[in-house]
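Position chain B relative to chain A; hints supplied.
First to last, the protein sequences are chains A and B. When we follow UniProt numbering, the leftmost residue of the first sequence carries the number 1, and every step to the right adds one. When we follow UniProt numbering, the leftmost residue of the second sequence carries the number 1, and every step to the right adds one.
These aren't lab readings, by the way, just hints derived from the structure by calculation. Don't be surprised by glycine CBs; every beta carbon is placed ideally from N, CA and C. Possibly wrong hints are sitting among the right ones.
[Unchecked claim] Cβ pair distances, simulated, as ranges:
no., chain 1, residue 1, chain 2, residue 2, range
1, A, S401, B, I793, 24 to 30 Å
2, A, F560, B, D796, 42 to 48 Å
3, B, P794, A, A466, 33 to 39 Å
4, B, P794, A, I562, 43 to 49 Å
5, B, E485, A, D796, 45 to 51 Å
6, B, I513, A, V186, 29 to 35 Å
7, B, L181, A, G417, 56 to 62 Å
8, B, I793, A, Y226, 38 to 44 Å
9, A, A752, B, M782, 40 to 46 Å
10, B, M782, A, A466, 29 to 35 Å
11, A, D702, B, M731, 44 to 50 Å
12, B, I793, A, I793, 20 to 26 Å
[Said to hold, decoys possible] The calculated lysine-lysine pairs, modelled on BS3-like cross-linking and capped at a C-alpha distance of 25 Å, are:
no., chain 1, residue 1, chain 2, residue 2
13, B, K352, A, K352
14, A, K803, B, K659
15, B, K552, B, K644
16, B, K481, A, K795
17, A, K478, B, K803
18, A, K352, B, K481
19, B, K795, A, K481
20, B, K178, A, K478
21, B, K659, B, K803
22, B, K803, A, K481
23, A, K673, B, K352
24, A, K673, B, K673
25, A, K795, B, K659
26, A, K481, B, K352
2 protein chains.
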Amino acid sequence: NFDPYNVFLAIATNIPQRLNTAFVVKGHILLLQSHFQIPPKDAKLWPYFQDGLRRIDYVLTYHVQKPQSTHKQSSKSCLCCGFKREQKNPPTHEDPELAAQEQRLDYHEDDQRLRREEFEENLREMGLEMEKEEGVSVGFLKIHAPWDVLCREAEFMKLKMPTIKKYEVSHGSSIAEKVNLFIQKVTAPLQPNVGENQTENEKPLSYPFSREKMYVILVLSLQILYEQWASYSIFYKYQPIGLVRKYFGEKVGLYFAWLGVYTQMLIPAAIVGVIVFLYGCATVDDNIPSMEVCDERNNITMCPMCDRACSYWKLVTACGTARASHLFDNAATVFFAIFMALWATMFMEHWKRRQMRLNYIWDLTSFEDAESHPRAEYEFHVMKKSLKKEQSPKYIFLLCSFVCSMQIFVTLAIVFGVVLYRVSIMTALHMSSTPTFRTNIRATVKTTAAIINLIIIIIMDEVYGAIARWLTIMEVPKTDKSFEERLIFKTFILKFANAFTPIVYLAFFRGRIIGRPGKYLYVMGSYRMEECAHAGCLMELCIQLCITMLGKQLIQNNLFEIGVPKLKKMLRQRKIDKKHQEELNKTLHRHEKDHFLGPFVGLNPEYMEMIIQFGMVTLFVASFPLAPLFALLNNVIEIRLDAKKFVTELRRPIAVRAKDIGIWYTLLRGISKVAVIVNAFVISFTSDFIPRLVYQHMYSADGTLHGFVNHTLSYFNVSHFQPGTEPMKPMHLGYKVEVCRYKDYRDPPWSATPYEFSREFWAILAARLAFVIVFQNVVMLMSDFVDWLIPDIPKDISIQIHKERNLVVELFMKEERGKKYRNTIGDPSPQPLCSHPSSQA
Amino acid sequence: NFDPYNVFLAIATNIPQRLNTAFVVKGHILLLQSHFQIPPKDAKLWPYFQDGLRRIDYVLTYHVQKPQSTHKQSSKSCLCCGFKREQKNPPTHEDPELAAQEQRLDYHEDDQRLRREEFEENLREMGLEMEKEEGVSVGFLKIHAPWDVLCREAEFMKLKMPTIKKYEVSHGSSIAEKVNLFIQKVTAPLQPNVGENQTENEKPLSYPFSREKMYVILVLSLQILYEQWASYSIFYKYQPIGLVRKYFGEKVGLYFAWLGVYTQMLIPAAIVGVIVFLYGCATVDDNIPSMEVCDERNNITMCPMCDRACSYWKLVTACGTARASHLFDNAATVFFAIFMALWATMFMEHWKRRQMRLNYIWDLTSFEDAESHPRAEYEFHVMKKSLKKEQSPKYIFLLCSFVCSMQIFVTLAIVFGVVLYRVSIMTALHMSSTPTFRTNIRATVKTTAAIINLIIIIIMDEVYGAIARWLTIMEVPKTDKSFEERLIFKTFILKFANAFTPIVYLAFFRGRIIGRPGKYLYVMGSYRMEECAHAGCLMELCIQLCITMLGKQLIQNNLFEIGVPKLKKMLRQRKIDKKHQEELNKTLHRHEKDHFLGPFVGLNPEYMEMIIQFGMVTLFVASFPLAPLFALLNNVIEIRLDAKKFVTELRRPIAVRAKDIGIWYTLLRGISKVAVIVNAFVISFTSDFIPRLVYQHMYSADGTLHGFVNHTLSYFNVSHFQPGTEPMKPMHLGYKVEVCRYKDYRDPPWSATPYEFSREFWAILAARLAFVIVFQNVVMLMSDFVDWLIPDIPKDISIQIHKERNLVVELFMKEERGKKYRNTIGDPSPQPLCSHPSSQA
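For reference, chain A alone in the conformation it holds in the complex:
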């Protein structure tokens, strides 16, 4: 009653790591048992050796070419020594892209055959049993891991395995237990139907694997995963994480668990976000500033928006924008920004606890990440370097920094290009269009600009991904782990800069560096920098965020995650076995079918997508409270989409043990730290929150916002226009304008210091900065407090760990006494007790 597969899964990574997989220079490891087990009536299709007894645990595939004559005798001895070195530090690579890239390392075919043979010899020495099968172009090496090899490996890894002894899991006091039971009952329909939840009150006692103990059986089947996980119809249910982990390994299990926690945590954020938005909708009619803007009686004449072509305009025409702005710029926004900062901390804490719980349930508590082994590429690089002269790593580092800076420069250039597009189109439209058309100009330009931004972001995303990979390969990092970390880091920097530069421009630079009437700032000769609409740039920031989030998710999900893989699959099938396809399809072996599935390229793209989304949700949430809702809707689909992909479309990934989500956690933490300061700046500088507050408490006569709009507008004497910039149609409004207004805090033309920043400007600037300091530090303090308040290890888990440890102590002591007793009565069978040094010396 012991499932060898269970052990095998856990040690699966260990065997190829400890052995030398440099063998698979052009092939890849193919894990069997993927996708729907076939009943064992047809022995030919069932993954067994020819004898029908020994089960296939692993299949290695490699490309076969016609054997050539060994024309280089000298290369053999050299390979042998190279091999010996690699035997000590065996590299792995499960990444087929890397394998493909390696084609350029010009190994000869016969060298490969020799290497393969040595490798197989090594496998045999490890105790593994093998069967070979060579087809037209692909060879399969089937491997069976016998029982005692599995046992040895498990014991060596001190693998914690469930023992027969079970113990009851307490749920604290009686009240807590009742609450727990109630919650269990309520969430019962949300639980996946995998027959695993019944025994939650009992947990098998885990103890490092030892050959003397017996274990319980744990059966799993992919069919359940397909029905209870990879289906859109059960989107409201929890995921069967335990099964996912058993089938795909801990690393994949942790990804889906993380995605689940994130999606779950988005629910309250989305609800609060919607409430904040609805609050904005409900109070739009009571909002004094927008009422003042819309009031026809406040006959305010504004200065022209562009040189010559534009003329004076009445503030009342900005009524619509002012009302819309209120939806996103009201008192509730500040509350929501604080809420989301704390939400991010809560999410991190919640995930830490969930991870700890999973570690406990999966018996990973005492698992230590093994040091990675050097990659084959690194070994090759070192070998090559010792042949040539030393190539300085400084050169690579400089190249890397240069390319990265270039990329960020390109991103900035693109943003600037879009700005120019907007400015020039605006001016052109102003000049030629009819008045009725002109009212729609702004909206049109904004939306097209946002869409152009989006398209550029999506294209550059792919480009940057490729560049980051290329740079990392150039660096030749020593281990797989450092390769992955460097790749992730570079990709993250580039993609993040790509996604957020246009948004940062809109939030903090747009409309701030325009100069003032009579002394505007010009770029590229004659283009004036863009102004914001009257009520600040928040509105445009919203539109950009909305389009980026929706568009990115829709296009990337549909096109890249569904469309492209299907296309690839079709291409692969057509290329390889076009003629035999139909006839072979029925008689194909399990491993042959699996061979035609798409390769598993790692979890990094999935994580990266989610982390950019997390950035959207937290970084600019002060300006777009609906972001969590959008993210939630996307993720509910994303989970099932990914699940489907894993279950039906990809080769089964090699199970990798992991205790945590690694560098991604660091990145998440970094984003939620940056989010605090970004939101502080959005509230105090992008929104009109602080000016309103200062007006109410320092300048307003009656403590209300009446007169606020007038207070924010400065005066400009139209005789001070620079020659050639005054409007062509000064009588456009039907009367002669002598003084027009513009949004800024500057002294009026009749003061001693005309057009200088006024005392109000400095007072409001001080208030804005003070708000940033207070907000940042208060929120950081609260986050730290929440972090400190919530224990990293859930209470019940720590109690259970304690209980388990006590039980192990008890078992151990009992065994000891038994041994001693047997010793005393003269039973000769057990091993001798530790003997005293004096008797040995």
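Just chain B now, with coordinates in the frame of chain A:
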């Protein structure tokens, strides 16, 4: 060749924890072999049992009274059940103070005897051997742990022990190795002479303890510690941390290692601090603002410093203060504040690496902190509670919060009291003193106030310590660990508030809430709040910091750490054995002598002292660059002082295993985070750095500081004094004053808005706030970057760990093959290999 003591030390804590030490209600565990081993010629004094063969490992002591009749038969059965429960969760307490406090729990003497007997029975069942010796008032229970018990425990704990197999430790590339060798040669005279450093190139391979392996011997002697560690004459040498750990256990070893790293890191900080100070000294004559103040030709008349008694004064009289201020308030200060923020991060990182290195050297890498067991007091409390009705823990929590707030309120009140003292004395002196005496008034008052503050701080420190302990005892935390953490946390809050409230007042509140001439702020009826001297409050902050640091360290070191323990020792010796003392002194057994030493009360006071010092060094370093130097001088002495105390004056503490310094690290991190924001505020608000900068770039005609002093002074029309507050001697300076000056940015009396905050005020405020934001975020970013840049595990250690792991794999595989071979040729002796489930089912 195996030193049982070595194993024993490591498991020393485990045995009393797993057994029931509730026994020692009034006694304490006394660890033997402390202080100078006596050669074994005199068997009576050597720590052996009467048979002279079995060595004494542990001695438990308890108070003896005349046996009473067992008058309560019912209590026995009750105790039994209580005992059984405690057997499962056995509490420990090594703290004699707690034991003393427990006297109030009214156990009867005969109950205690019964408990002791049951406890001894348990010890015997564990396999320990005992010998009893009851004196007049003290009983000793000597315990010998036989070889196989030690082995069993060590195996159970998976104790990593050095094996015979050694391997060479590589030092990276050849250049790195040469540099290392060079460093070793240079630092050779700094190494303690303990004969341990020769074999640094080899390290014994460690592997979890198993009875089948043999170990190398490691001998240690206290004499070496006394000579090479606890001596002032070798203050410049490194500490022999390895020996300290072997003798006192990991926890004490880590404390001294930490103290060593901290002291070492203080050296560069002290050097840079002195350079910054010297820079101030060197540039004092080129400083334009102080030159302007000292220039007699700038005939500036200042407004009076107090009502009526004081008169107008000339700015030139503040010349000395202005020049002195420059020493601590110059451009280098900003650089030093940034340097110290990064220094704090470097220190934390450096410590993390050192800790990791020690973990590796001490074979703690796979050691997991065991869950603590409930304390005896907690068990007793729960028992009592179940007898009574449930007493709400909310009540305790409220009490605790209330007392803590009260304490902080008391601290504030004291600070306010000192302020009042200063204000009233100043006024009184002004009124009565002769002009010659008056010039020294300020300095006198400042210094006496600082000394009063210091005395109050030292007294309240002791009071707060006692209160925190009392509160924590009231809370009845469940485990020793949580007891300690709560105690530390409370003590930290109270002592920190106590030490820093006067300093915070001086830095941020003094001179800021004074109002303006004609509209001063009054407290307690007629006292005007204190003004700062012309050049800001930085000078006074310096004096306060200097006196607090010097005084606190001198008084606490000399009086509390040397004087009080000696006094206590004298009292103890006189009380217990006054009459027999001399005659017994020669014939006393080892354990009897140890019994008269002072008890070990934990490391918390030592850590607390250092952490307050760390606060002084980092928090206000912008205002006092000499702080690191003072701290360094203190710590060089502190290390040897503590060492002496541990070696000669205290009972040997029970060895406690620990991987890290626990909550102290969290507190250090917290302080270094707070330090960034505090320093940002000190630079921007307490010093005149920002006003100088703004003046130079916005208002100065020629970009220099000429005219700065005039710019900082506002005008006041003396006819606007409130009636009754004008000076009594308006002609004091010899001419009639119509307009006097005061330090603030306000509109002049002749403007449209007289005495309102001027545009300059708001501009400078905005600049100050912007500086805080920039400084905080830049420094935090740099700190995070440094944190990220320096790997937590030193490179050579990670290489060695990897190497060690590979060697273990090799050993294991070799053993496996050996086993299999023996199996094949039919050797019956080894245990059977793991058998296949099919053969067992």
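Violated hints, by number in ascending order, as checked against the structure = Result: hints 5, 6 break, sorted rising.
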